[in-house]
Amino acid sequence: MSTTAHLNLPMIAAAQSQKHVTHNEALALLDVVVQLSVISNSITNPPADPDEGARYIVPAGATGAFAGHESQIAAFSAGAWEFLTPGTGWAAWIESAETMQVYSGGAWGSFSSVAGLGTDPGTGGLALQQEKTVLSETDSKAQSQFVTVDEELSLAGSSVDSSVLIPNRAIVFCVSTRTVEAVTGAASYDCGLAGEQSKFGGSLGAAVGSNNAGVIGPTAFYGDTAVRLTANGGDFTGGKVRIALHYFLPVVPQS
Numbered sequence: 014m015s016t017t018a019h020l021n022l023p024m025i026a027a028a029q030s031q032k033h034v035t036h037n038e039a040l041a042l043l044d045v046v047v048q049l050s051v052i053s054n055s056i057t058n059p060p061a062d063p064d065e066g067a068r069y070i071v072p073a074g075a076t077g078a079f080a081g082h083e084s085q086i087a088a089f090s091a092g093a094w095e096f097l098t099p100g101t102g103w104a105a106w107i108e109s110a111e112t113m114q115v116y117s118g119g120a121w122g123s124f125s126s127v128a129g130l131g132t133d134p135g136t137g138g139l140a141l142q143q144e145k146t147v148l149s150e151t152d153s154k155a156q157s158q159f160v161t162v163d164e165e166l167s168l169a170g171s172s173v174d175s176s177v178l179i180p181n182r183a184i185v186f187c188v189s190t191r192t193v194e195a196v197t198g199a200a201s202y203d204c205g206l207a208g209e210q211s212k213f214g215g216s217l218g219a220a221v222g223s224n225n226a227g228v229i230g231p232t233a234f235y236g237d238t239a240v241r242l243t244a245n246g247g248d249f250t251g252g253k254v255r256i257a258l259h260y261f262l263p264v265v266p267q268s
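Note that our numbering has the sequence shown beginning at 14, numbered continuously upward.
Derived from the structure by calculation, the hints contain no laboratory data. Quick caveat, the model's predicted, so the values are computed rather than measured. Mixed in with the good hints, there may be bad ones.
What the hints assert, rightly or not - Here are the simulated DSS-like cross-link-like pairs (lysine-lysine), alpha carbons at most 27 Å apart as the crow flies:
id, residue 1, residue 2
1, Lys212, Lys154
2, Lys145, Lys253
3, Lys212, Lys253
With the hints as constraints, model all of the structure from the sequences given.
Next comes the structure, spelled out in structure tokens:
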């Protein structure tokens, strides 16, 4: 049976009998992948009683019906799991984490996995920039990457989380900061994570130009993780800080 080039949808052949079967199969596939939103990308063992239409991204180390389907989209339909292989550039909303992921380089990752993503900081929109260096690559497309990605954060409230995430399986060496617009409301700020407020630096300067290279011992992360800036001595009422993530990222073999 012929299929389409990008989504592998079955095509109805000339003089084919039971055309409705092929047509319905194509509609079912479209229902899975269009406006893709999955329940989770971290559940290794499939749920015992999933709802019809439930969708997941299969993580590494999956078991049961998910075993052997790492990074594929698992969809429950008519009492069974179906698995679809994503294409480069596919995006999915992760409901459990409330984050967007993109498929690139044979793996799902945060938008930091896509080079140059962002908008003009002057527009007030998301402002990200990323550079990736492939240190080595095998014939099967296994890679060792070193990545630097930055984001400008506007400060308000007691803390601000980054939109750019430390990707799952990244090994982080540093998160650096620079105050690009004077911080108001707070006397200083900490750079860290939820639960580790000053992991990458504490009592950082509020004045324009204040900066810090928040080096740590190489630390592996096992889930997409936001960087958090926390106000000291009062809530943030204004100011902007640019953060930069510096990390190593392994990419698994693609064949």
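Hint by hint, here is what the structure shows:
1. Lys212 <-> Lys154: violated, 34 Å
2. Lys145 <-> Lys253: Holds, at roughly 25 Å.
3. Lys212 <-> Lys253: Holds - the C-alpha atoms of Lys253 and Lys212 are around 20 Å apart, at most 27 Å.
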